[in-house]
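Which chain is which? The protein sequence lines are A and B, in order.
Residues in the first sequence are numbered consecutively from 1, following my numbering.
Residues in the second sequence are numbered consecutively from 563, following my numbering.
In short, the hints are calculated from the structure, not lab data.
Honestly, I wouldn't trust all of these hints.
To be verified - Residues of chain B placed beyond 10 Å of chain A at every Cβ, according to the derived structure: (1) K751; (2) L814; (3) L821; (4) F845; (5) E971; (6) R1083; (7) K1087; (8) E1147; (9) E1169.
As the list claims (entries may be wrong) - Computed list of lysine-lysine pairs in DSS-like fashion (alpha-carbon distance at most 30 Å, straight line): (10) K85(A) - K833(B); (11) K283(A) - K205(A); (12) K966(B) - K9(A); (13) K373(A) - K476(A); (14) K65(A) - K736(B); (15) K47(A) - K973(B); (16) K9(A) - K1031(B); (17) K135(A) - K1031(B); (18) K338(A) - K47(A); (19) K85(A) - K1031(B); (20) K116(A) - K105(A); (21) K65(A) - K1017(B); (22) K1031(B) - K47(A); (23) K833(B) - K9(A); (24) K751(B) - K116(A); (25) K85(A) - K751(B); (26) K116(A) - K833(B); (27) K966(B) - K1017(B); (28) K1087(B) - K1073(B); (29) K205(A) - K476(A); (30) K1017(B) - K47(A); (31) K973(B) - K9(A); (32) K47(A) - K116(A); (33) K973(B) - K996(B); (34) K966(B) - K65(A).
Just so it is clear, CB atoms sit at the ideal spot from N, CA and C, and this is done for glycine as well.
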Amino acid sequence: MDLVQSSRKLISDMIQLAGSQMKLFLMDAETTPTVSCAFAQSEVMQKEVYIFDRIENKTSSENIKNLKCIVFVRPTAQNIERLVKELQDPRFSQYYLYFTNTINKYDVKRLAESDKNETVREVQEVFLDGIPLRKDLFTMNLNHIFDSSFNVKENEAERIKSGIIALLLQLRKAPAVRCPSYPSLLISFKLLMFRYQKTSSNCKKIADEVAQFIRRENGLFENAKSDTTLLVIERSQDIATPLLNQWTYEAMIHEMLTLTNNRCTCTDQSIVLSELHDEFFAKNIISNFGEIGQNIKALISEFQEKKHINKNLESIQDMKKFVEDYPQFKKISGTVSKHVTLVGELSNLIQKHNLLEISECEQTIVSEGDQNKCINKIRALLKSPKTREVDILRLVLLYAIRYEGTQNELESLYRQLGPHRSKIEQTVKALLSYGGSRRRPADLFGGQSTIDITKRFIKGLKGVENIYTQHSPYLKTIVEMCQRGRLDNYPLLSNDCDRMDNIILFIVGGATYEEAAFVRSLNERRAQGFGGPAVVLAGNCMLNTKSFLDEFTNLDRSTGAI
Amino acid sequence: MYKFFPISFFSTNCSLVSAIVYVLLTWQCLFIYALPVDGVVVLSASRSYQCFNGKKRKYKDFWQNSVDGMDGAAGAGSSNVVRQGFICPFCMEDFGEYERLIGHVEDDHPEEDSSDLAGLFVSNVKGFFDKAKRGIQKLDAKKSIAEIASNVESEFTETTEKLTERAPLPRIPKPLPPDEISSGTMRSKTREFMSTRELNINEVAVRTNMLIIRLDRLINGGPKDKDPAKRKEFEREIVPWLDDAEAVCCPLCAARFGLTRRRHHCRLCGKVLCHSCSKFLSFDTARSLTSSSNPLGNVQLDLDDKPTDTEEPESSNNEENGRRSFFAFSQKSMDKMKKAMAGAVQKVHSAAAGEEIIAGALNEQEMSDHMRVCNLCLRDLQFRESQMEKKDPPSYVQQYEYMKELIEEVKNLVPTYVRVVFSLNNGESVYTHKHGEELRSKCLEIQKNIDVLSKRIAEGADDKPNAGKEQQLRRNIRLSAVNALQGLIGQMESLPTAEECANRIVRRKEKRVKDFARVNRTMMKMSNSMPQLMAHPHLNSTSSVSSLGGPPSSDDGWTAEDNDLVFEPSSIEDDTIRADHPLYEQREQLEKFLKEAILNGRMDEMEILERNIKEIDEEMDRLGLLS
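If we strip away everything but chain A, and leave its shape as in the complex, we get (with noise of 0.2 Å):
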């Protein structure tokens, strides 16, 4: 279950069939992302694909023959109408059609209809209807799936499903599809017991249509094996996580930089972060910042030793050896200044913001759980001059989730807050309302059996090996009562599968790096033979704290038009 790879395959596939000559890919504003995370340019073009273009932007009809085109968008109505277009009078000698999912019969019978030059070869369903982020983290760039009352809506549902629909067929696994639902009423009748189970309706429907179309759809999946769950969650189950400060590498940078499609800004500079070009970033992916801190000095000093080496070319025999070295060193030099730059830029931040110590505290909310040490420790974070606006934002949301049934200590924080108090108070409680204790599980800051208080007690005996990362998403719950087969809470959607070796989890409301980085050390794990099922992790979007916000604010500005 490699995403990367097997994605890289189905579009060097695609580039193969279209044979040799010179060729142009003609993308959407959705699937270029998908193409730009598998491929780097340079090695695209080393498949004679020269020309890079979207199919939005059809301002030049300036029509180079000699030239194959390969379209690789999505089935939506727009890009059909443009494909139409684009045959009515085609720019090039050939076209190979690629869809990114299933493409109904009258749109194929459009496209035929409006090919009258007879330029396309193929048309073809590749199912690749997403970005693969990592082997094992898949995201589709989906932000504001949520109307007023926190209901996907009907676009962003379908475009979630064909997602995942895709996500299978990509992995060619017909899985079991569960989605969660929590036991909330017990009516008693008489004599009969009436268990009424409140399931968190987005992901059902969502849920339901995907095990529909495995059924529908049982000539796609011929080649599927059935030894996978699919686990349809619901960010609502775990709204803590999105919150957190970070300190894995590439969470940290997502939450400080904003990473979007392995790409991010630092100091002006865009920087690509590919863990198929970047040998040291695929190894400290989930490296926390204090290990990154090393390994890069350790990569300075060998690009220093080389260095010296340098230094020491006297001869002109020497020099020319060393220029045949040359596409070597440069990339070597290269990582070095890059991760350089942005681990830097990480420093700088967190002493700027004081983020260290606010992530302290965070994490004593999380994981201690005492109530008077949190709100004694933001009161004094709300006091400091260095603390931004969001992270007061987010230690108060902690809080308030935290513990949720205390109104009266939630007001005199409020109350400390000044400006921004209304602003904070809306949010917290949007949030609260999506994410609250009626909409979680109760277990999301460690349950309340006898296992895990002794667990906690243990915990607290041995210490904390470090303060910073002592929350651990919800997610590893769930993969744990996914190991242990105990689903009850998560009720069957479709056919059970045979065997549980694989695990995909969508989380409907995006997922956090946090939680890709637990579940790349479990597959890491797995690698070095410990066992266990392999886990994907896929999400409409990947947040940190800024877009999670982002996404709640934005909801209230649209409850407040209505």
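Keeping the supplied structure of chain A fixed, place chain B upon it in accordance with the hints.
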């Protein structure tokens, strides 16, 4: 903290056990020490012991003779409770007799996740008794007790050694093999698409063919004199015209006909339309259309086009705007027009867009040179024409194709070069230095060509400022060519100089000679027992470099004689041997093939040839032919 649990066998129920106990008691006492020690492995003065690693506890059972055992127990276990009997090492229960203990261990401590622990224990208990049994037999054979003891002991040390090899039982996780890359799912809709398109295309094709046939008749037939009335009659004969009365308004623009907006007929389909919705098709264009839809005409055209510069039609097409081309066009002779046929209809079309000019032009020109057609028919015709359009690849496409070939070639060559360099660096004599040099210069030359070509491609677009896409294309071609070159040059190690090569060859040979000498020495040792093989005439000489050709000893004794025959001749006669010996001939031939293969970059062939040459070299080395 150590705990010792000496176990001895007191039961006399079973005869076997009693016999053992008897034997043991006569010469030594048996103790099983079960040590439930957390994580700590205990060794006492025992000479032989076995250890097991359990899931939580580690046990060490050791067996030793009575004196040692007693000492050990007394020394280490003095402060602990000493228990005797058939004690289970897992649960510390006394079972009184051997059978029950075994039964208990098999039943109550079955193999759990840390699998073979219990089994191991059982088998070891059993194993001990087997050995004891053997001991008894030996006793029967009246051997001394001491011997038995040492016998048993040595066997134990053996098993112990085996066990300790297996001892570090914690499961070392085996890394999983990398995931298979699932190729994902693709579903082809091509067939569905094609069949739908087929239907549609056929319809259009039939209609267009009809138009072409009508067109052909219209331009080739008709009255000779240019009387418009007669002409009209002729046209109506071929294409039935729609009655004027039936058309109230133009079907295309829906404007009502009247005094200012006159009715016109399309000469091809006979429909009524207004002036602005109709276009004029010149007879010349029509002729080119009809003639080129005839396959013979097509071939003719092909031949005509070939010798002309490929860039000319393209550029002229681009430059000519409607108005100028229209006049130029009408005055061109038929031949010339055929050449410029590509895009002819387009020109008419664009010319018609400049409405007034055409009207003016028409007045001047004779009506018979043109005919009025409707937009729809014109579109179909134009479409047909664009399909027939010659796809003359622009020059950069050809350059590109050539460059691609070059890149392919050099991509094949570079690995062979790397291989040659490697071989030379190793001091192998398969390739000569000259080979390497030739190959290197060839690679470099091709790379230079690629560079020049790609540069030319990139620069070609500079004079076309409005062709953004094409410029981008050309630039990217250059970019990728440069990338490819960089990668290739990066692979190419520098060639060792001829001197270095020679040095390396000498060094390698020295090493080989040393190797052979070593083999010989061992051979000598071995052949001590076989005196007839001992006398090897060349053994002594192999140590010196000068006798490189000296026969290395071979594995089987018989070659010694062969070597004598071949090698007795002095160095003066070497040349004759060189010429005579079939191996030389063979080698030379192979070298020739290899050289060919290198220059053509055929890796697989090279591999086979190289192997063959090496084999021959070895054979020659063996026979001492190689100098």
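The hints, checked one at a time:
{"no.": "1", "hint": "K751", "in the structure": "4 Å, violated"}
{"no.": "2", "hint": "L814", "in the structure": "18 Å, holds"}
{"no.": "3", "hint": "L821", "in the structure": "38 Å, holds"}
{"no.": "4", "hint": "F845", "in the structure": "26 Å, holds"}
{"no.": "5", "hint": "E971", "in the structure": "15 Å, holds"}
{"no.": "6", "hint": "R1083", "in the structure": "41 Å, holds"}
{"no.": "7", "hint": "K1087", "in the structure": "46 Å, holds"}
{"no.": "8", "hint": "E1147", "in the structure": "39 Å, holds"}
{"no.": "9", "hint": "E1169", "in the structure": "25 Å, holds"}
{"no.": "10", "hint": "K85(A) - K833(B)", "in the structure": "28 Å, holds"}
{"no.": "11", "hint": "K283(A) - K205(A)", "in the structure": "38 Å, violated"}
{"no.": "12", "hint": "K966(B) - K9(A)", "in the structure": "23 Å, holds"}
{"no.": "13", "hint": "K373(A) - K476(A)", "in the structure": "26 Å, holds"}
{"no.": "14", "hint": "K65(A) - K736(B)", "in the structure": "55 Å, violated"}
{"no.": "15", "hint": "K47(A) - K973(B)", "in the structure": "14 Å, holds"}
{"no.": "16", "hint": "K9(A) - K1031(B)", "in the structure": "28 Å, holds"}
{"no.": "17", "hint": "K135(A) - K1031(B)", "in the structure": "34 Å, violated"}
{"no.": "18", "hint": "K338(A) - K47(A)", "in the structure": "28 Å, holds"}
{"no.": "19", "hint": "K85(A) - K1031(B)", "in the structure": "19 Å, holds"}
{"no.": "20", "hint": "K116(A) - K105(A)", "in the structure": "18 Å, holds"}
{"no.": "21", "hint": "K65(A) - K1017(B)", "in the structure": "21 Å, holds"}
{"no.": "22", "hint": "K1031(B) - K47(A)", "in the structure": "19 Å, holds"}
{"no.": "23", "hint": "K833(B) - K9(A)", "in the structure": "55 Å, violated"}
{"no.": "24", "hint": "K751(B) - K116(A)", "in the structure": "18 Å, holds"}
{"no.": "25", "hint": "K85(A) - K751(B)", "in the structure": "20 Å, holds"}
{"no.": "26", "hint": "K116(A) - K833(B)", "in the structure": "24 Å, holds"}
{"no.": "27", "hint": "K966(B) - K1017(B)", "in the structure": "14 Å, holds"}
{"no.": "28", "hint": "K1087(B) - K1073(B)", "in the structure": "21 Å, holds"}
{"no.": "29", "hint": "K205(A) - K476(A)", "in the structure": "24 Å, holds"}
{"no.": "30", "hint": "K1017(B) - K47(A)", "in the structure": "19 Å, holds"}
{"no.": "31", "hint": "K973(B) - K9(A)", "in the structure": "23 Å, holds"}
{"no.": "32", "hint": "K47(A) - K116(A)", "in the structure": "29 Å, holds"}
{"no.": "33", "hint": "K973(B) - K996(B)", "in the structure": "21 Å, holds"}
{"no.": "34", "hint": "K966(B) - K65(A)", "in the structure": "18 Å, holds"}
The structure fails to meet hints 1, 11, 14, 17 and 23 from the earlier list, while all remaining hints are met.
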